[in-house]
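Chemist: Residue numbers (our numbering), protein chains in the order written: chain A, 1 to 130; chain B, 1001 to 1247; chain C, 2001 to 2113.
No wet-lab data here; the hints were simulated from the structure. Hints are supplied without guarantee of correctness; some may be wrong.
Listed below are the simulated DSS-like cross-link pairs for lysine-lysine, each with C-alpha atoms no more than 30 Å apart in a straight line [what the hints assert, rightly or not]: (1) B:K1141 <-> B:K1112; (2) C:K2003 <-> B:K1117; (3) B:K1167 <-> A:K92.
Residues of chain B clear of chain C, computed beta-carbon distances all greater than 10 Å [said to hold, decoys possible]: (4) D1018; (5) Y1026; (6) C1030; (7) D1038; (8) P1049; (9) G1086; (10) D1107; (11) L1113; (12) Q1135.
For each residue, glycine too, the CB sits at the ideal point set by N, CA and C.
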Amino acid sequence: MTVKPYVRAVPRYTWFLAHSRYLRYITREVTCVFIGAYAFLMLVGLKRLAEGREAWEAFVQALASPASLVFHVAVLAFALYHTTSWFNVTPKAMPIQLGDGFVPGRVIVGAHYAIWIVLSLAVLILAGVF
Amino acid sequence: MSQRLVELEVLRFNPETDAEPTFQRYAVECPEEWVVLDALNHIKETVDPTLSYRWSCHMAVCGSCGMMINGEPKLSCKSFLRDYEGVIRVEPLAHFPIQRDLVTVIDDFVTKLKRVKPYLVAGEARPVEAGEYRQTPAQLKTYKQYTLCINCMLCYAACPEYGLEPKFIGPAAISLAHRYNLDSRDAGREARQQEIAATEGVWECSFVGACSEVCPEHVDPAGALQQVKIKSTLDWFREHLMPWRRT
Amino acid sequence: MAKSDKALVWGLFAAGGTVTAFVTPVLVVLTLLPALGVLPDVLTYDSLRAFADATLGRLAIVAIVVLSLWHAAHRLRITLHDFGVRADYAVAVVVYVAAAVGSLAAGWYALAL
Chain A
1 MTVKPYVRAV PRYTWFLAHS RYLRYITREV TCVFIGAYAF LMLVGLKRLA EGREAWEAFV
61 QALASPASLV FHVAVLAFAL YHTTSWFNVT PKAMPIQLGD GFVPGRVIVG AHYAIWIVLS
121 LAVLILAGVF
Chain B
1001 MSQRLVELEV LRFNPETDAE PTFQRYAVEC PEEWVVLDAL NHIKETVDPT LSYRWSCHMA
1061 VCGSCGMMIN GEPKLSCKSF LRDYEGVIRV EPLAHFPIQR DLVTVIDDFV TKLKRVKPYL
1121 VAGEARPVEA GEYRQTPAQL KTYKQYTLCI NCMLCYAACP EYGLEPKFIG PAAISLAHRY
1181 NLDSRDAGRE ARQQEIAATE GVWECSFVGA CSEVCPEHVD PAGALQQVKI KSTLDWFREH
1241 LMPWRRT
Chain C
2001 MAKSDKALVW GLFAAGGTVT AFVTPVLVVL TLLPALGVLP DVLTYDSLRA FADATLGRLA
2061 IVAIVVLSLW HAAHRLRITL HDFGVRADYA VAVVVYVAAA VGSLAAGWYA LAL
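Construct the entire structure; sequences and hints are all you get.
Modeler: The following block contains the structure:
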């Protein structure tokens, strides 16, 4: 007698609701929408800059709108989620072996955060914010 | 030893009579110190001898008693009753077909494991007089973590990408390929790359990281797969953009 | 089986992921400030032109835009698959063509500066 094993289907549209770790993952993946939207904004800004002073100043004027504020707050939230989720897994992707042991993961993660903070502050200072 | 009434809700499936699996509830008195596997054994011995499941060593070495316990892939020999409250739900490992009750069909994993050549592939033949293949402690350390895999398949049950795309070679098999690729005595990387750098290999992985979270031996398959991606990417650029460096 | 060319797009995704992790938050803060009534010096036409007229500055702008686009494009492909869209080939063509067009446009505008 042949017996047929039972196959359980994975719910195609809702599988990520099944566990908190899947929700964390799908949130991380959705950050790409915001990173992509901001890349598009930068592209438009570059175009306006190339078109001359008047076009650029109109672009900066548009950045001052309430819609721009909402857009930027949303992008900032997801960009920060992207940054932390990216840095936190760096020791997995790039472990550093020194002789018989590995550099502790928190040192690699910590170095990323330290460089990130210094770089961000440097950009803000050079940009004339402070 | 203090006793406790433990209620287990076990997914049952008899391929000869059932169209689909159903839950059956058992209530048994168990000592607090027991693990879920002890409770299942107790049920099989005293309540229901038809209950089917795999187990062997009872000490997290053989990797055969993997089950979903309250929705989480676990070794039932390592899951203490005292860590659970209320009814404990026990199901067969997710993403594998059910053979009977908690027994799954694991042929898919075994076939994939063979494909990645999880053994040392010798390079040049050496005469016996040349002696052992020696390795420094540092060379051993490079891959040692990945030798701890017990093929329990919890990572496959946790990996949503394997659930969605069953052709994916998956976390444990690719981690084991990585283990041999990192071994200083091995010369089989190029042969393994044909499998793990293919579409069904590491590229189906989207780094959910669930495999490493559930691994009972702390192997970190997710880390292994990202390292394989980085190395395969460097290979790709070398092979396509720097033909003079092709090895 | 043959090795996959996904390595190319994954490489761009990973490079873009690293670059955006480091620079996107602070850039967003800079372009957010005008909405709060603050205009950082770098957003004035003369300052930004001066930055972009330096070769290194211009390269940095193009690199950040291009790598952000490829990072987002590849991750969007995976995300759509995760949300149940099974037309992976069509999705891949659309997102990568969009990233390629955006990259060419970024290069074009940078040369036109």
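Chemist: With reference to the structure, classify each hint as holding or not holding.
Modeler: Hint check:
With a C-alpha separation of about 26 Å, the suggested pairing of K1141 of chain B with K1112 of chain B holds against the 30 Å cut-off. Proximity of K2003 of chain C to K1117 of chain B is assessed by CA-CA distance (about 16 Å); at most 30 Å being required, the pair is judged to hold. About 24 Å separates the Cα atoms of K1167 of chain B and K92 of chain A, which keeps this hinted pair within 30 Å; it holds. Residue-level check passed: D1018 of chain B sits 29 Å from the nearest beta carbon of chain C, beyond 10 Å.
Once the 10 Å rule is applied to beta carbons, Y1026 of chain B is consistent with being away from chain C; the minimum gap is 37 Å. The beta carbon of C1030 of chain B is kept farther than 10 Å from every beta carbon of chain C, the shortest such distance being approximately 40 Å. In this structure D1038 of chain B is separated from chain C by more than 10 Å, as the shortest Cβ-Cβ distance comes to about 38 Å. Consistency note on P1049 of chain B: stated as away from chain C, and its beta-carbon is indeed over 10 Å from all of that chain's, at 42 Å minimum.
Against the 10 Å criterion, G1086 of chain B stays outside the reach of chain C, whose nearest CB is about 32 Å from its own CB. Non-interface call for D1107 of chain B relative to chain C: holds, since the shortest CB-CB distance, roughly 19 Å, exceeds 10 Å. Residue-level check passed: L1113 of chain B sits 16 Å from the nearest beta carbon of chain C, beyond 10 Å. No beta-carbon of chain C is positioned within 10 Å of the beta-carbon of Q1135 of chain B; the least distance is around 28 Å.
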